[in-house]
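J.: Could you build the full structure based on these sequences and the hints that come with them?
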Amino acid sequence: KAGVTQTPRYLIKTRGQQVTLSCSPISGHRSVSWYQQTPGQGLQFLFEYFSETQRNKGNFPGRFSGRQFSNSRSEMNVSTLELGDSALYLCASGSSGGATDTQYFGPGTRLTVL
Amino acid sequence: AQKVTQAQTEISVVEKEDVTLDCVYETRDTTYYLFWYKQPPSGELVFLIRRNSFDEQNEISGRYSWNFQKSTSSFNFTITASQVVDSAVYFCALSETPFTGGGNKLTFGTGTQLKVEL
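First to last, the protein sequences are chains A and B.
Note that my numbering numbers the first sequence so that position 39 is 39, with each residue one more than the last.
Note that my numbering numbers the second sequence so that position 90 is 204, with each residue one more than the last.
I should point out that these hints are in silico values taken from the structure, not numbers from a laboratory.
Ideal placement from N, C-alpha and C gives every residue a C-beta, glycine not left out.
Check each hint, because a few of them may be wrong.
Unchecked claim - Take a look, some chain B residues computed to stay more than 12 Å from chain A by CB distance:
1. Val128
2. Asp132
3. Asp136
4. Glu140
5. Glu170
6. Glu173
7. Ile174
8. Gly176
9. Tyr178
10. Asn181
11. Thr186
12. Ser188
13. Thr194
14. Val230
15. Leu232
To be verified - Across the chosen pairs, the derived CB separations fall in these ranges:
16. B/Val128 with A/Pro39: 26 to 34 Å
17. A/Thr38 with B/Ser175: 29 to 37 Å
18. B/Ala121 with A/Thr38: 19 to 27 Å
19. A/Gln18 with B/Leu232: 40 to 48 Å
20. A/Gly3 with B/Thr224: 21 to 29 Å
Said to hold, decoys possible - List time: in silico DSSO-like cross-link candidates among lysine-lysine, alpha-carbon distance up to 27 Å:
21. B/Lys152 with A/Lys57
22. B/Lys117 with B/Lys229
23. B/Lys152 with B/Lys184
24. B/Lys117 with A/Lys57
25. B/Lys130 with B/Lys229
26. B/Lys184 with B/Lys117
T.: This is how it looks when you write it as structure tokens:
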């Protein structure tokens, strides 16, 4: 069974630009979560989608948004990039997204904002 | 609010030594799940174990073992006879389910960098 895939793996942008990251969950999984990992803040939850609906959102500004498609693939968008947005963005998939679920992570997209 | 504390920032051991990674958590939930993930230099978080709050049995999987103690809110991870390939950052995490809307989010500790040297 293929794992979680994320594209692109690496991205370099400049301040003010916007970026879209993509995540394809494990086949059959309907829940997709996004996390941001930085040296200073560690791993922080961004949001979670299940069946195209955002069910849970972390404490991030509105510049961070996401969506999920009918095939469970998810995209995350960051607008008006700031230097502090440089991070590893990890996507996780789960079958149901409930507390009993195990989340399996992809390799991440490393975003550098110059 | 939920919180996970991994007080050990970095641990260095020599190969074949045993090493224990500490994890202390805080939650008001009576039902919750604890996880350990491994993050090698490649960056991907690799799932190691999940434990629910009602199951305090220790678990062993090969060289890995986990000790869950609700009385001290701890979920410690021991690697026996460590190997160089065990070098990675290890994260302890706690699941949280909102009261409404369902869904799940993980609260992570800050991670422990384990270095195993020859």
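J.: It remains to establish, for every hint, whether it holds in the given structure.
T.: Verification of the hints:
Distance check for B/Val128 against chain A: the nearest CB is about 27 Å away, which clears 12 Å, and the non-interface claim stands. The Cβ of B/Asp132 sits about 27 Å from the closest Cβ of chain A, beyond the 12 Å cut-off, so the non-interface label holds. Here B/Asp136 stays apart from chain A, with its beta-carbon at least about 16 Å from theirs, past the 12 Å limit. Every Cβ of chain A is farther than 12 Å from the Cβ of B/Glu140; the closest lies at roughly 16 Å, confirming the non-interface assignment.
No Cβ of chain A approaches the Cβ of B/Glu170 within 12 Å, the least distance being about 17 Å, so the stated non-interface status holds. Even its closest Cβ contact with chain A, about 14 Å, leaves B/Glu173 beyond 12 Å, as expected for a residue assigned away from the interface. Annotated as non-interface, B/Ile174 keeps its C-beta farther than 12 Å from every C-beta of chain A; the closest such distance is 19 Å. The beta carbon of B/Gly176 sits about 19 Å from the closest Cβ of chain A, which is more than 12 Å, so the claim that it is off the interface holds.
Listed as outside the interface, B/Tyr178 is consistent with that label: its C-beta sits roughly 16 Å from the nearest C-beta of chain A, beyond the 12 Å cut-off. For B/Asn181, the condition that its CB be more than 12 Å from all CB atoms of chain A holds, with the nearest at approximately 20 Å. Every C-beta of chain A lies more than 12 Å from that of B/Thr186, the closest at about 22 Å, which supports listing it as non-interface. No beta-carbon of chain A is positioned within 12 Å of the beta-carbon of B/Ser188; the least distance is around 19 Å.
Non-interface status of B/Thr194 relative to chain A is upheld: no Cβ of that chain comes within 12 Å, the nearest being about 24 Å off. Annotated as non-interface, B/Val230 keeps its C-beta farther than 12 Å from every C-beta of chain A; the closest such distance is 22 Å. Residue-level check passed: B/Leu232 sits 27 Å from the nearest beta carbon of chain A, beyond 12 Å. Distance hint check: the CB atoms of B/Val128 and A/Pro39 are about 27 Å apart, consistent with the given range 26 to 34 Å.
Between A/Thr38 and B/Ser175 the CB atoms are about 31 Å apart, so this pair conforms to the stated range of 29 to 37 Å. Checked against the given bound of 19 to 27 Å, the beta carbons of B/Ala121 and A/Thr38, roughly 20 Å apart, stay inside it. The beta-carbon spacing between A/Gln18 and B/Leu232, approximately 46 Å, falls within the hinted interval of 40 to 48 Å. Separated by about 25 Å at the C-beta atoms, A/Gly3 and B/Thr224 satisfy the suggested range of 21 to 29 Å.
Taken as a hint, the B/Lys152 and A/Lys57 pair is honoured in the structure, with Cα atoms around 24 Å apart against an allowance of 27 Å. Between B/Lys117 and B/Lys229 the alpha-carbon distance is near 25 Å, which keeps this suggested pair within the 27 Å criterion. For the hint linking B/Lys152 to B/Lys184, the alpha-carbon distance of about 23 Å falls within 27 Å, and the restraint holds. Of the supplied pair hints, the one linking B/Lys117 and A/Lys57 holds, its CA atoms being roughly 17 Å apart against a limit of 27 Å.
Between B/Lys130 and B/Lys229 the alpha-carbon distance is near 12 Å, which keeps this suggested pair within the 27 Å criterion. Using a Cα cut-off of 27 Å, the hinted pair B/Lys184 and B/Lys117 holds, with the two alpha carbons roughly 15 Å apart.
In summary, the structure agrees with every hint in the numbered list given earlier.
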